[in-house]
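**Student:** The primary structure of each chain is shown beneath.
Number of protein chains: 2
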Amino acid sequence: MKRVELTPGKWRGLQILSDEEGKFRMMAIDQRGSLKKALAKALSIPQDEVKDEDVVKTKIMITKVLSPYASAVLTDPVYGFPYTMEYIPRDVGILLAYEKTGYEKAQGGRKTSLLPDWSGEKIKRAGANAIKLLLYYRPDGDPEVGEYQREIVRKVGEEAKKYDIPFLLEPVGYEIEEPGKDSLEYAQQKPKIVIETVREFTKEEYGIDVLKLEFPADLKYTEEFAHGEFDGKEREPAYDLYEVEDICEELNDTATIPWVLLSAGVDIEEFLINVEIATAHGASGFLAGRAIWKDAVPFYPDLDKMEKWLSTEGVDNFVRLYKASEEAVPYYKHKKFGNFANIDLKDRGVDWHKNY
Amino acid sequence: MKRVELTPGKWRGLQILSDEEGKFRMMAIDQRGSLKKALAKALSIPQDEVKDEDVVKTKIMITKVLSPYASAVLTDPVYGFPYTMEYIPRDVGILLAYEKTGYEKAQGGRKTSLLPDWSGEKIKRAGANAIKLLLYYRPDGDPEVGEYQREIVRKVGEEAKKYDIPFLLEPVGYEIEEPGKDSLEYAQQKPKIVIETVREFTKEEYGIDVLKLEFPADLKYTEEFAHGEFDGKEREPAYDLYEVEDICEELNDTATIPWVLLSAGVDIEEFLINVEIATAHGASGFLAGRAIWKDAVPFYPDLDKMEKWLSTEGVDNFVRLYKASEEAVPYYKHKKFGNFANIDLKDRGVDWHKNY
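Protein sequences, first through last, are from chains V and P. Be aware that the first sequence starts at 0, since it is given in numbering that gives the first Met the number 0, and climbs by one per residue. Be aware that the second sequence starts at 0, since it is given in numbering that gives the first Met the number 0, and climbs by one per residue.
It should be emphasised that the hints constitute simulated quantities derived from the structure, not laboratory data. You may find that some hints are simply not true.
What the hints assert, rightly or not - Calculated pairs, EDC-like style, for lysine to aspartate or glutamate (alpha carbon to alpha carbon, straight line, at most 16 Å):
(1) P:LYS160 to V:ASP350
(2) P:LYS36 to P:GLU20
(3) P:LYS332 to P:GLU120
(4) P:LYS161 to V:GLU120
(5) V:LYS345 to P:GLU85
(6) P:LYS50 to V:ASP350
(7) V:LYS161 to P:GLU85
(8) V:LYS50 to P:GLU85
(9) P:LYS353 to V:ASP350
(10) V:LYS353 to P:GLU4
As the list claims (entries may be wrong) - Coverage of chain V stretches by chain P, computed from C-beta distances (three or more under 8 Å per stretch; other residues unrestricted):
(11) 70-83
(12) 176-189
(13) 248-255
(14) 341-351
As the list claims (entries may be wrong) - Residues from chain V shown here face chain P by an in silico Cβ test under 7 Å; the list is partial:
(15) PRO7
(16) GLY32
(17) ALA39
(18) ALA41
(19) ASP51
(20) GLU52
(21) ARG89
(22) ASP163
(23) TYR355
The beta carbon of each residue, even a glycine, is placed where N, CA and C say it ideally should be.
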């Protein structure tokens, strides 16, 4: 196998984002809109009455208690990083979100914006180990919206290359014609949406280092779990678990770069199965947020109760995720690299410092 | 006490360079000239016949075996980093040297050059956690040479600020009128040379975050150790250990920023005492090279023997250094900061990302 070259910032970044086994056991606490929504519910107030302070306090508490268990923590530069950076241990990597929360509706699709006055340069300068971009994407959606979205990815990919920092893309599908994501129609579409999205962004031109992906099927629509096993609601099945495994396998065959699983707000029991199946079929770990800590939010503003829940149930969720991801593929064993010894520093040599 | 503000790159950098206690237990393997000299001796050849490969192999071996024991590793961008970066564990910080090896003689003094085609920008981009600059300096030397040297420090300080990365300065004294560093005259001068150097570079205008200092006296010239205790050579004493402790205390009173001790090629037994005295009087740890690993070099080119020595005696040296530095002052407890809770992120707030 031909040796694969990496620049030092990208390589070191991958080493730091993953744990000592090269597996990504990462926590996301970069939620903005969805966290405000959950806090509004906890406080029984409208979402626009949730104060910045409420979001900040929640993020501090979650980061403080749980980040020591993660190989890296993804946070946001508004309510997260500037308040929580000192609670992230020295041996836990940091990913910073580049996008503005939410999206703009356009031609039945969703357009992403980068956060104004924020940049890849600032992310690198601040000491983070990766740029993360959440991107709404439908490979079968409006072509103009698709190109708009891909152009943002290219731009961020170039910045990541310029500042020599890993780029993690989180493409998220959404409903266009379908009645919603929790529908038989969407469950049927989902494998294709996820896999075709991977086929696009796995291309070298985007400069992505790790893909953060939705589970490419919906367990609630499997024959095995369609009878309300997770939430008590009966659904019509779209596939069975064997088919879901094949879908994961196809996703993995399509991905030419390492990929990890996002939790998208599903409950921990469902997410554990997602992780087990995905990592058994080539995923390199997870970058999970709400599945780990969402049940702490309803305790807000009682910070003591939050802390108690996080340091017991929250930690337990993390421990279970480590177990569920035992088979995760170390990033350096992903087919992109083959094995650790097959990776080489780009321009290695005594003149490296001149050419870098 | 007024809160002290840090930018995120600097703060995170200090966290990563120091260990979980906030103490610096760092290893230097950035030697170029002095390592070539030692390899020439090991190979019984003239120094200019030592090959790049010999230096590289030695650095790989030392880095591989010993870096897991360090909180951070200082290496060089020529024979070190491009060959050893993948052997530095994810939880061990990296410092990169900025200077060209050696110096230029000028008006009885020594002028430092920065390594051509190398920069603070590249150091940050490559994923390092600090810029290190070795600077020959005599506070009482030729004024023109002094200003030349200080100007380099200012320039590097500005770069470190621009790229938001810690700046560690290593000022090293040298003989002008004295017959050599191993002389009664130099031993008598040394406290003043080190302390006056600290007085200069502790000034805010230089933007230095950590000083890497010579022990401000010479134990071989103390009444207690002047009778050949370290190397069998009898010397005339310049001071006793009580006076040496006072000298360290004075140094520490002068330093308004954290400082660590360098080993300057002394043997481990002497260095352990240096570290014990310095850390008992305010030093925040060590950044030591040859004292830890120099006895492995004579085994070259027998890499097996080198590895065996490093993984037994070398590791033992490290372990003893941890013990000798037990009283080291965590960087955040240095009087510059007071305590951890007294440090604040510069411009902390939901608009931080805009203003950063």
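**Student:** With 7 Å as the cut and Cβ atoms as the points, is V:ASP51 at the interface with chain P?
**Tutor:** OK, holds: V:ASP51 within 7 Å of chain P, min 5 Å.
**Student:** Is the interface hint satisfied for V:TYR355? The criterion is a beta-carbon contact with chain P at less than 7 Å.
**Tutor:** holds (6 Å)
**Student:** Go check the stretch 248-255 of chain V versus chain P for me, would you? Three or more residues, Cβ under 8 Å, otherwise it fails.
**Tutor:** n = 0 at 8 Å, threshold three: violated.
**Student:** Was the hint right that V:GLU52 lines chain P, CB cutoff 7 Å?
**Tutor:** violated (10 Å)
**Student:** Holds or violated: V:LYS161 and P:GLU85, Cα atoms, limit 16 Å.
**Tutor:** Violated - the C-alpha atoms of P:GLU85 and V:LYS161 are around 21 Å apart, more than 16 Å.
**Student:** With chain P as the partner, please determine if V:ALA39 meets the hint condition of a C-beta pair closer than 7 Å.
**Tutor:** violated (18 Å)
**Student:** For the restraint on V:ASP163, tell me whether the closest CB of chain P is nearer than 7 Å.
**Tutor:** Where the cut-off is 7 Å and the nearest Cβ of chain P is about 5 Å from V:ASP163, the hint holds.
**Student:** Is P:LYS50 within 16 Å of V:ASP350, Cα to Cα?
**Tutor:** Holds - the C-alpha atoms of V:ASP350 and P:LYS50 are around 15 Å apart, at most 16 Å.
**Student:** Between P:LYS332 and P:GLU120, is the straight-line Cα distance small enough, at 16 Å or below?
**Tutor:** violated (30 Å)
**Student:** Cut-off 8 Å, C-beta pairs, minimum 3 residues; does the coverage of the stretch 70-83 of chain V by chain P stand?
**Tutor:** holds (count 6)
**Student:** Within a Cα-Cα threshold of 16 Å, do P:LYS160 and V:ASP350 meet the stated pairing?
**Tutor:** At roughly 26 Å apart (the allowed maximum being 16 Å), V:ASP350 and P:LYS160 break the hint.
**Student:** Check the hint pairing P:LYS36 with P:GLU20 against an upper bound of 16 Å on the C-alpha distance.
**Tutor:** violated (36 Å)
When the structure is compared with the earlier hints, violations turn up for hints 1, 2, 3, 7, 8, 9, 10, 12, 13, 16, 17, 18, 20 and for no others.
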